[in-house]
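*Asks:* Sequence:
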Amino acid sequence: MSVNGHIKRLNTIACQDTDDWYLDGYRVGKDFSTYRENQLNQRIQFCGEATSTQRKAWGDGYLVGYKKVAKQNKKSKRSKKS
1 MSVNGHIKRL
11 NTIACQDTDD
21 WYLDGYRVGK
31 DFSTYRENQL
41 NQRIQFCGEA
51 TSTQRKAWGD
61 GYLVGYKKVA
71 KQNKKSKRSK
81 KS
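Take the sequence shown: its letters are residues 1 to 82, numbered as in UniProt numbering.
Keep in mind that the hints are not guaranteed to be accurate.
Unchecked claim - Only pairs whose alpha carbons sit at most 25 Å apart, straight line, appear in this in silico SDA-like list of lysine to any residue: (1) Lys68 / Thr53; (2) Lys8 / Tyr66; (3) Lys56 / Tyr66; (4) Lys30 / Thr18; (5) Lys8 / Phe46.
Unchecked claim - Here are the in silico distance ranges between beta carbons for each label pair: (6) Phe46 / Lys75: 31 to 39 Å; (7) Thr12 / Arg36: 15 to 23 Å; (8) Gln72 / Thr51: 28 to 36 Å; (9) Lys75 / Thr12: 24 to 32 Å; (10) Asn11 / Ser52: 17 to 25 Å; (11) Thr53 / Ser76: 31 to 39 Å; (12) Thr53 / Lys75: 29 to 37 Å; (13) Ala14 / Asn38: 15 to 23 Å; (14) Ala14 / Ser76: 30 to 38 Å; (15) Lys67 / Asp17: 18 to 26 Å; (16) Gln45 / Lys75: 34 to 42 Å; (17) Ile7 / Lys68: 16 to 24 Å; (18) Ala14 / Arg36: 19 to 27 Å.
Hints were generated in silico from the structure; no laboratory data involved.
Each residue gets a CB set at the ideal place from its N, CA and C atoms; glycine is no exception.
With the sequences and hints as input, model every part of the structure.
*Replies:* Shown next, in the form of structure tokens:
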């Protein structure tokens with residue numbers, strides 16, 4: 001799966017596995033947050049469809065991954081001030 005013109009992600013999608021949707025969302029939130037819509041749309045296109053449960057799992061994972069990065073950035077800003 002292409003993230004942008006320079007970065008590609010390994011496609012190991014398990015379309016029917018809700019946990020896989022969560023983990024994929026987490027990875028995108030953690031490492032590719034600016035490509036949120038693009039990555040979700042690619043996954044849905046690859047799988048052919050997405051249930052509301054799968055979309056929710058992906059979104060929940062994304063938020064956890066994104067918040068983890070935001071928290072780490074906040075900590076690093078504090079340590080630079082010291």
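*Asks:* Which of the numbered hints are not met once you compare them with the structure shown?
*Replies:* Violated: none.
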